[in-house]
Every structure is written in structure tokens, then in C-alpha cells.
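K.L.:
Using the hints, build the complex out of the two chains.
Chains as they are written, first to last, in the UniProt record's numbering: chain A, 1 to 308; chain B, 1 to 480.
It is worth saying that the hints were derived from the structure and are not from the lab. On a predicted model such as this, the values are computed, not experimentally measured, just so you know. It is possible that part of the hints are untrue.
Calculated lysine-lysine pairs in the BS3-like style (CA-CA distance at most 27 Å, straight line) [stated by the list, open to error]:
| no. | chain 1 | residue 1 | chain 2 | residue 2 |
| --- | --- | --- | --- | --- |
| 1 | A | K285 | B | K405 |
| 2 | B | K455 | A | K62 |
| 3 | B | K455 | A | K52 |
| 4 | B | K68 | A | K193 |
| 5 | A | K11 | B | K129 |
| 6 | B | K68 | A | K52 |
| 7 | B | K239 | A | K197 |
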Amino acid sequence: MSFVEYGDTIKNGDTAIVFLGHESMFPVKVQHGTVTQTKYGVIRHSTDLIGKKYGSKVTCSKGGWVFILHPTPELWTMNLPHRTQILYSTDISIITMMLELKPGSIVCESGTGSGSLSHALIRTVAPTGHLYTVEFHQQRAEKAREEFREHGVEHLVTVTNQDVCKNGFGVSNIADAVFLDIPSPWEAVGHAKSALKAEGGRICSFSPCIEQVQRTCLAMEEHGFTEINTLEILLRVYNVRTISLQIPDLGKASEDNSSIGFDSSNPSNQGSPCTNLQQGTVQFKSGVPLREMVGHTGYLTFATKSLF
Amino acid sequence: MEAGTRPGLHICEGDCAVLKRDDVFKAVPVLRRRKIIFEKQWFYLDNAIGHIYGTTFEVTSGGNLQPKQEMEETTPETKEAGTDNRNIVDDGKSQKLTHDDIKALKDKGIKGQEIVQQLIENSTTFRDKTEFAQDKYIKKKKKKYEAVITIVRPSTRILSTMYYAREPGKINHLRYDTLAQMLTLGNIHAGNKMIVMETCAGLVLGAVMERMGGYGSIIQMYPGGGPVRAATSCFGFPKPFFNNLHEFPLSKVDSLLSGTFSTETLPSEPEDNALVEEESNGSIDEKQASIQETEEESTETAMESNQTEEQETMDINAEDIGFKENQGKENKENVREKQRKQQERRKKLIETAALLREKNADGLIVASKFHPTPLLLSLLEFVAPSRPFVVYCQYKEPLLECYTKLRERGGVINLKLSETWLRSYQVLPDRSHPKLTMSGGGGYLLSGITVVLDKSKCDSSNLEALKMEEPSSKKRKSAS
Chain A
1 MSFVEYGDTI KNGDTAIVFL GHESMFPVKV QHGTVTQTKY GVIRHSTDLI GKKYGSKVTC
61 SKGGWVFILH PTPELWTMNL PHRTQILYST DISIITMMLE LKPGSIVCES GTGSGSLSHA
121 LIRTVAPTGH LYTVEFHQQR AEKAREEFRE HGVEHLVTVT NQDVCKNGFG VSNIADAVFL
181 DIPSPWEAVG HAKSALKAEG GRICSFSPCI EQVQRTCLAM EEHGFTEINT LEILLRVYNV
241 RTISLQIPDL GKASEDNSSI GFDSSNPSNQ GSPCTNLQQG TVQFKSGVPL REMVGHTGYL
301 TFATKSLF
Chain B
1 MEAGTRPGLH ICEGDCAVLK RDDVFKAVPV LRRRKIIFEK QWFYLDNAIG HIYGTTFEVT
61 SGGNLQPKQE MEETTPETKE AGTDNRNIVD DGKSQKLTHD DIKALKDKGI KGQEIVQQLI
121 ENSTTFRDKT EFAQDKYIKK KKKKYEAVIT IVRPSTRILS TMYYAREPGK INHLRYDTLA
181 QMLTLGNIHA GNKMIVMETC AGLVLGAVME RMGGYGSIIQ MYPGGGPVRA ATSCFGFPKP
241 FFNNLHEFPL SKVDSLLSGT FSTETLPSEP EDNALVEEES NGSIDEKQAS IQETEEESTE
301 TAMESNQTEE QETMDINAED IGFKENQGKE NKENVREKQR KQQERRKKLI ETAALLREKN
361 ADGLIVASKF HPTPLLLSLL EFVAPSRPFV VYCQYKEPLL ECYTKLRERG GVINLKLSET
421 WLRSYQVLPD RSHPKLTMSG GGGYLLSGIT VVLDKSKCDS SNLEALKMEE PSSKKRKSAS
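Isolated chain B, as found in the complex (with noise of 0.2 Å):
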């Protein structure tokens, strides 16, 4: 790191950026040579490398990048403009240019601005539309001909934003303003002893570690063999950010409240990494997903699964992000590697056993696959009095349950179940509208806040649950 720069203003290579592109966005490791895919264009990162972030770039004929030159907008000279569409005639014929000659533009090198210019003076109906249809046109060519891209610095809104839209079943369809109210809800701040349950391929882990600054701990649990991190590497975080993450096999949990938890049958490891590594066509959390598919999972992965290069969200392979793990070395010194990594994971999982027993979380973040229900009533077992706790779950009905039992075991105060509702505008003089499409559905969130449990259930319980109720019937009338 050079002296006087801040950390993380320049593009360094072993980075894990973000392309950007309008509102299309792809993770991709920063590394020399190495070809990237992105919008139907093929170039290399080199060049981009001591940038700061935010740039934005052009790409050339020879697949680098260079930045965007500062350019005064050419404004077409005609200010001619009809005043609506009713002779307009769409035949498909109104553009003289055919696929050839815009070809041969694009191969003689000339700017994106300069095919776009061509297109206007081209067309025989350009002259015709309306100021707004010019401008919208104008818009539409040169999204499609004057391909630049921004290199982001990758961060929560980013990065689930990039979710959604390219891989929500990754993500259990959590959509990016539902995520927000899990982390303000959560009361996600430096400091907190969080716990945190996810199967979003890690995403919600990366916010949650983004929100807490280093400071405080994690203790992840995980369903399987690991937890999947692959959205988190791309984070960026520094490393002493992974220096209090701490994780927990969900199949140990039963024991630990028990009080007959042991070290002695350790989840099966796959390929004596803790720490899954996603291949670059996210097979690695399908393979972890195994175990537990429902025929509706089988379907998302299929859509998933569509290789072409455009429908991946990242070419992360872990290791690239410099987030080492042993590389294999073929010897026999393997077995002794191994069994001291034994050791190793053993010692952790006790330190975090031992975390998890003093029952004292700030907090508790659910958002997986698995019905909702179990994890609460055993997770929030780890949770202090007076903090706050949240469940996502893609539908409404498995929350609907858990609220149910939630009321029953006491304990809990302030439930509400919600979900939000997003909607983005277009805005433009005299053209305001909102936009033509919207999401319809991002998930539901179950929140609450634990109080000190009384261990006496009988009436007490339920006295409590009436409080918490409102009167149904002052605030609705039931049909009859």
C-alpha cells in the first residue's frame, strides 16, 4: 500500500471488484491476464489496476480498458420534432443502416457516440417523434452501443442488489430492501456477540461482518459439513475482520443445550476445508444443498445451472481473492497436516461451544432454506434478554407457525411479521411515473425482542401471550 493512500480507494490486484454496467453488475477477482466476460464484451483487467474506484472505462479493439475521456455531449444539430405518433409507421424499415454496416462501423474502430450519431441521421422516422420518443431513443442506442463500465467497490448494497437480480435462488429470494430491515431491526452495530443462521451462499454473513466494522464477534452456525462463504469473500474485508468469526455445526446444537455436547463425532469435513470454496459455476452449494433438496430447489438450481457465461454472477474461485487454503501437497506430510488441522478445528469448535453456553448474544439473524420454526426456539435459547432478533423466510405460512410456537414458549415480546414493498421511479420532467416493472415479492421478516424467560410456565405464559395480543376484535371484525 503506497504512502498517503487510503486503503481500499485503488483497484489492487487480488481484489474482488464489481463491473458495472447501467444496473447490470458482475464479481470478478482483479488479476493480470486473466480474461473477463461481462455484457457481450471480452477484456482484460490489467489496465484497470491502480485505479481509483468508481472509474469508469471503455473498452478497446485489443480488450483493455481505458478510461472514459471527459466528452462534451454532441447534441444533434436538428432540434426538428413532430408532436405524436399517429403516422408513424412501424414497418421494421425506418433504419437504413443494416447489421453489416453497423458491423463495419464497429470494426473500423469507430465510437460508440459516433454509431449512435450514424443511427439518428439513418433513420427515417427520427425526425418524426416527439422530443421525448428522440430522447428515449437516443437513450436506448446508446445503452446498447456506447458499453462502458464502472468498476464498483463491492459492498451490501452492491452485492445483494447483484443477487437478486442475477441468482435470487442462491439467496432464497431475499431482496435487497428486505435485507436492509433485517441489519436496522437487528440492531447490527460494532459490538454485538451475534449469531448468525444463514443459507444465502454467505451474503448475509458479508453484511452483517460489514455492519459490525471488525469489531465484536460472529459465531455462524451451519447446516452440512461448512458454512458457505462465497458471497463473503467478495467483501473485500481485511483479514482481521475473520479474526472473531467463529462457526458451529447446527448438528451439534441439540447436544450443547443438553449439556452432553463432545468433540468426539465432528461434522464430515469435505476435503479437510472449514471453509467451502465455491467453484466458479456455484456447484460447490448445490452439492452442500444435497442432502436436503426439495423438488422446488431442484428447479431453481436447473434455471440456475444454464451455463452460459452472462447468467453467472461471479468468477470467484475463493482461492483467488487470497483467501488461502491448504493447496494439497502430495506427500506425507499431508497426514500430518491433516491431523493437526484435527486438532485445530477441535480447539475452535470447543472456544465456540464455550461462546455459545454463556447465553448471552446481542442478537440472533435467521435467513435460511430450513423451516424457521426448530432454529428459533433453539437458537434463541444462546440469546441474551432485551436484544432483538430476526427471521427471514421466502413465504409467509412457515412464520405464521413459528409465531405460533413463539408465543407458546414465552419469552419474546413485540413480534410483528411484515414484509416491505419496493417500488422505483422514473424521473423526468413532465415523464415522472413509476417504473414498469417491480418485484413481487422479497420475502417475509419475523422480529421480535427476547425478555427473561419464566421458567414457570402455567398461566403466567399465557397471560403474557393475551398482553402481547391486541384484541382481535376492536381492530377486526372476524366474518361471520
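Here chain A stands alone, though its shape is the one from the complex (with noise of 0.2 Å):
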């Protein structure tokens, strides 16, 4: 397995993702003679992991069962130990494909953070291309080198330990995109622009602050970039429901059995199958949105380098 390369079997040495239930999944790194404990009992790696096939229920001590399950960038991003905050699928998926990435990309980002984008951006430059990641935090660094190595990637990205908004990122006119998660975007701008081809390139800035956002457009324009658009993007989750309404007692005209009104048992108030007669209800299917959501992540700015 890789995060790359999906497998077929769990391996000694894998990062494969244990699923418990409803959004309850964590991480684990496989390895002859551990064992893991989840709250349905313990997980005997060299019996219970190694060997099967990804996909599969495992039965815990306790009798419990798990699904294990291949790694992805998206579980990955689900599940990793933060170090900072990350940016999330959501934001993920709009970034790479205004970025144009695909096998062979070259992409320049920073800060590498936790590496939840970078994760992401190495499956999608894969198997050709490249990831020059840049964090000025020591420790962030180094562990995400770690985590690199121990996931399969490390000959797709190179981790470079420096302040993107003195150095750059320490490659010049190469890069197909540059995509920036810092606090003063604005003053990275113009070695995002070194960083990119000559003849053109796509950058993003991801910013909380609207603030950050005007100084970071307004660089882009001092520096030639075209085609600049700052949008933001919000995911609505519906969880699926079987709804059911009671059907109010309006009381009985004097002789009539039949109530006036609401009539339960006409077929065309049946919007779905499932008029209740006996308990005075209504069941229907809902995607229902759940009780709060995500209202703002950051503002995503794009912009094209180009000759012209």
C-alpha cells in the first residue's frame, strides 16, 4: 500500500485506517507483535491485520467488530494528528482543480502545516510529479518528513525547513502551481512568481481574513498576475432520516365520520409510501442538515501567471 498506490492486503509497516462506526475511525501503523485497543476489545496485528484483505471485518477481543481500511488523503485528512489547523477535503478539492493538477504537476505550497493538503496534492502530482513543501517551523518539518517516509511518498516531495517570505521556495521557474497557507501571503507573492514556469502558472492563496485577502490581491496585481477571483466554498452535510409527522386532530364534523380537511387515506396526499393510518401519522424520507455547520474556513484566491 501507499498513499499513492492502493493494495490489495495489509502489510507489516502500513498505515491503515480502523472504522468503528459513525464518523469513529483512527489510524493505525501496522507492525508484527503490536496490538491496538478499541473500545470493542484489542486488535492482535500479526492475526487479525496482516495479511487480510483491506475492506475486511475484524472481530475484536471483546466481540466487537472493525472494518480496516485502505488509506486514502481524504481518511488521512480525517484522521491526522493535528499540529496546526489543516484544511479539509472541501477546500482540498477545489484548490487541486483550479490549480490544474494532475500527474506530472509540479506544485510549490506553504506551509506545510500538519500536511493535510500536502497529502492530497502528492496522490494527485503522482506518479511524475512533485510537491516542494516549505514550513519555517522546525519540528512541523521534520515530522512531516517522518510522516512522508512512512506513508511512501518521500521520493514525491521534497520538505524544505525556511520562511517562504525571506527564501522563497527554493526552486525557481518551474513550477506549474504555487499555493500559499501563510499569514502574510502578500509578501510571498513575488517568490510565488520566481517559483512558477515562465510561461505561466496558477497560484492560490487560502486566507481567514478578508484583510489578508484585499493586501494579498492587490500584490498579485503589482506583481502581473491575471484572471485573479477570490471565492469561498461550504460543504452542507444531510443526514438521511425517517421522518414522522403527526396528523393534527381537527376535530369531527357533527355527522360526518370523515374528518373535512386532511384526508389521510386519499392518495394524493400520499407524497411518499408511508401514511400511518393506525397511530395519525405521516413517515416520508428527509435529508435532513445537521444542527450546525462549518460557516467559513477562509477565502480561496486564484490567480494565472502568464506573459502577457
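P.N.:
See below:
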């Protein structure tokens, strides 16, 4: 397995995802002789994991069971240890498409942070592309290098420990795309421009605050970027639920037994097939929004470097 | 290809290029002496050939393209501006130049920049406007009179934006950010073995192909006689990308799953072509859909078949892009050719059936006008465990049903029904705000991950289903 190539069976050294149930999962490093504790009991790597097919159900010592999943950048994003605030798949998706990334692309990124976006970028540019990622925090840079190694992708990424605003990305005129997620992106726009290929490329800057966006857009314009465009993307999730609504009792007309008004036995009132006459309720399936949703992550500003 | 040039860097004859003016896109074949109409301008692309993609051109009076010269922005001499619009009356008389005056200027060959300058000088209210209003006025006039066209290389970003703006009906109103989510949620990457079922003119297929970079393989499931790949040809993929692109008719899926698959009755093929060429007004696409036309669909097509060229997303006839099919020789060799092609088709079909039978696909993408439930329930059989799948539907309700049926079937986890909300911003000093209009809806996605399917149903799948749901009482009190 690796994050850029699917494998069928779990091997020693793999990073696998243990799925316990709705929105409950965590990553494990598969190792001979190790055990992993879960609320359903113990998982013994040597007997329960190694050699099993990804997607298998594994019964734990207390009798409950879990699923073992092949890692993907998306699952990693949901389960990685946070060293910083991370980007989630919703933003990552639009970034990937708007930067026109694909196998063979060369991408520059700063800051590396917890490596959430990094893993997704590496997956997209593999097997012939490369990610140059810059992180000014020494421990985070080292941790990122370690993770890329463990996940079998170190040949696709170069982590540089420096300040992108002062020293750039460490490469020039080779990138198809540059991504900035730093406090003062306007200070790195010039470096981004020189990292990008001479004939052009795409840039994206992610900032939580509109003031940062304003400064960055100005800097982009001053450096000759075109097609400057700012947007935001939010995810709305729906829970699928069967809802039962009671039919109100509007009383009875004096002689007639049937109530005037809502007649639940009338086929035209049956929007979906589940009208329960006995209990006076109507059932239907609904996509119910969550009580709370993410309202803001950051503004995404895209632009093009072109010759003209 | 000249030595020392990266393939795809220069505009070449036979390419599919995308013309861009501000936010308007149009895909066209790059052919000499072919008149192009775009944004009320007529021109030939001949002069563009050889330039680098991303170059901006102006249209000369002769209908030729000329690279835009880098010019100094002439700032208006008068920095005079007002403070607000309390005294500005919109009587339609503030511009002293008439339609004819402006036409005369254009005919004289005066450059757009100069026309804008003239309009400013002849506007009685210009100097009373606030600086912001002046800025807005100049931008507006520039947009109208300084017509510059950029020729860009097609990509998923460009084509999905173009289709959503011009012909959303052709792609089931799949908004480009929704497509972006599908590609990521589906973990589309080089080396995958993907199953794709779409009726989005081949746009989704193209997007998947772009993200796979020619590595791995794709099996495209298709309804009717053959897959529509009009948009796919726009991407300009090199020929080798198509070596591992297979197709398989939906009408054979049931027999494949039940083990009774045979090549005796092949789906009827229009004009011997496995790939349907789209005629320039997209009528083939509509013919394909004719069997399953719904009322709603015909309203869509009525809007789309507006014949004015501005409505056309593409002037593409698939042949133009060098995507050659048999040109139909009118002799008895034709009969032999037909037989040979039939044989080849049969052979390919058997090969593709074998690929599907392995039941080890790395993912499934569905984006079609059909009800998603039957598609998912059958196509998921071909997907390996622990692999993502994503279904797009223009409407939410069919996905509710799909979700329910998938829970009953089992073998899937992490089911999520979602949509994305997209908003654009105007960012200017002291004038930053969301833009005036935004898309009302871009469709819905149902995604999940496959797991080993427990064939012994009874309690285990029920328990599984319960475990997969969040307890509804904790998160949401039901109305009572």
C-alpha cells in the first residue's frame, strides 16, 4: 500500500484506518507483534491484520467488530494528528481543480502545517510530479518528512525548513502551481512568481481574513498576475432520516365520520408511500441538515501568471 | 513538434483551444481559414498558431488576431471627482457621442482604449461621479470596447466552468465545484482502475482521465448505442490516454452479473461508430437521450437549441480534432470493413467484460440523468472492498432513496449526502463584498466506501446499519 497506490492486503509497516462506526475511526501503524486497543476490544496486528484484505471486518477481543480501510489522503485528513489548523477535503478539492493539478504537475506549497493538503497534492501529482513544501517551524518540518517516509511517498516530496517570505521555495521557474496558506501571503507573492514556470502557472492563496485577501489581491495585481478571483466554498451535509409527523386532530364534523380537510387515506395526499393511518402519522424520508455546520474556513484567491 | 518545446505549450493546428474573454469561454478547433464567431466578433485563428497558450490577442479590422501589445495605462488627466450621487440625474443624455459617432470611430479603426477615452471626455456626468463610480464606469466601457481574447489550454477547470455557464442542461447542472469534490472524494489518481457512468457529454470522463494522467484504466458504462464523448475530445489528451479507456453497455450489466453474458446481441450502433460524434448543435446528444426523454429534459433542450451562435459552447465536430473515424468509403470494401469492425467490437466487449468480472475496480463515479439507485446497486458489484464511490444527482430525493437501499444492501460505510455552497467575491480596496449573484444549486453528492460484503444477511447487516447511523435522538430532537 501507499497513499498513492492501492494495495489489496494489509502488510507490515502499512498505515491502515480502523473504522468503528459512524464518524469514528483512527489510523494505526501495522506492526508485527503489536496490539491496538479499541472500545470493542483488542486487535492483534499479527493475526488480525497482516495478510487480511483491506475492507475486511475484524472481530476484536470483546466480540465487537471494526473495518480496516486502505488509507487515502481524504481519510488521512479526517484522522491525522493536528499540529496546526488543517485544510479539509472540501477546500482541498476546489484547490486541486482550480490549480489544474494532475499527474506530472510540479507544485509548491507553504506552509506544510500538519500535511493535510500535502498528502492530497502528492496523491494528485504522482507518479511523475513533485511537491516542494516549505515550513518555517523546524519540528513540524521534521514531522512532515517522517510521515511522508512512513506513507511511502518521500520520493514525491521535498520538505524545506525556511521562511518562504524571505527565502522563497528553493526552486525557480519550474512550478505549474503555487499554494500559500501563511499569515502574510502578500509577502510571498513575488517568490511565488519566480517559482512558477516562465510560460505561466496558477497560484492560490488561502486566508481566513478579508483584510489578508485584500492585501494579497493587490500584491498579485502588482506582480502582473491575471484572472484574480476570490471565492469561498462550504460543505452542507444532510442526514438521511425517516421522519414521522403527526396528523393534527381537527375534530369531526357533526354527522360525518370522516374529517374534512386532510384525508390521509386519499392517495393524492401520500407524497411518499408511508402513511400510517392507525397512529395518525405521515412518514417520509428527508435529508435533514445538521444542527451546526462549518460557516467559514477561509477565502480562496486564485490567479494566473502569464506572459502577457 | 519542434525540438526544445514542451508538448502542449504552443497553439497548434488541430488542437482544441478555448477562447476566453473575461468570464466567457468557448471551445473551438484550431483550423486555418475557419471563421470563428465569439462574443460578437468574427475572426480567423491562423495568426494564433505557434503562439503560446495564455497569449492575449486583439481582433484587427481584417478579422485577424494580433497579440496585444503591452501598453501603458493612460490615466485620465482629470482627477476630478464628486463625493456622492445626490445631484446626478440619469436622463440618458449625459453621453454626448451617439451610436453613429461611436460606430464611425470603430470604422475608422480607432483602438478600443481611445474610444473609451472619447466616451469619458464626452460624458457630462463623469467628473461628478465618485472615484469608485468612475472606476466602475471605465471598467464597464473597457469591457465593451477593448475586446481582448485570450486563448487558453483546455482543462477540467476551464471546461467545467464553460459547460456550467453555457450548457448546464448537457451536464445535468453539475456545478464545477461539485465535480471537484467528486474527483477528490473518489480518490481519482494515476494507476486506478475506474468505473465511470456519466451522461454529462463526456465532461466527467475527461476530468477523470485528466486526473489519471494516462495511467491505469477506465471502463465507461454507457446507455443506449454508445458513449457520448464530445467534451472529452476537448481536453486534447494524447492518443495513448485512450489505450486504456474501455466502454461497456449498461444493457449488458445484468447478464454479466448473473453470468449469462454473451456477445450475440450487441447494442445497435449508429453509423458504425462506437463513439458518437457531436454535431455542432449538439443534436446527437439529444438523439441519444430521446428514448429516455422526460418532460423536464425537453424543456431543457428547447432552451439549449437556441440556434444563435453565442449559445454554442463549442464549434466542435469531433473529426476536426483529429479524432478520426471511418470516413465512409462508398464501395464494397465498406461491407468488409463493417464486418471487421463488428469483430473488433465483439473482441473488445469480451475483454472489457473480463475486466469487470474481476470485481476489483478501485472506484466508481456516477453522474447521470438516470435514477442513481439501480446504477449503484449493480455497478458497486464490480468495485473492490475499501474503495470510494461517488454518485452525483441533480436532485436530493433520489439520493435519499439510494442511501436507504445501500444501507439495506450493506457492504458500504461512511455514507455521506452533501452539497457544496460556492460564493464569489469582489475584492477591491474599500469595496470588498460577495458578488451580486451566486449559483442557487450545483447538485448533490452521495459518497461512501465499500467494505467486504457479508453475504449472510439477517441480523448482521441490520446491526451494521444501526452502527453506521448516528443515534438520531442525540443529535436532533424529532418534531413532536
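K.L.:
I'd like to know which numbered hints this structure contradicts. Please list them from smallest to largest.
P.N.:
5 and 6
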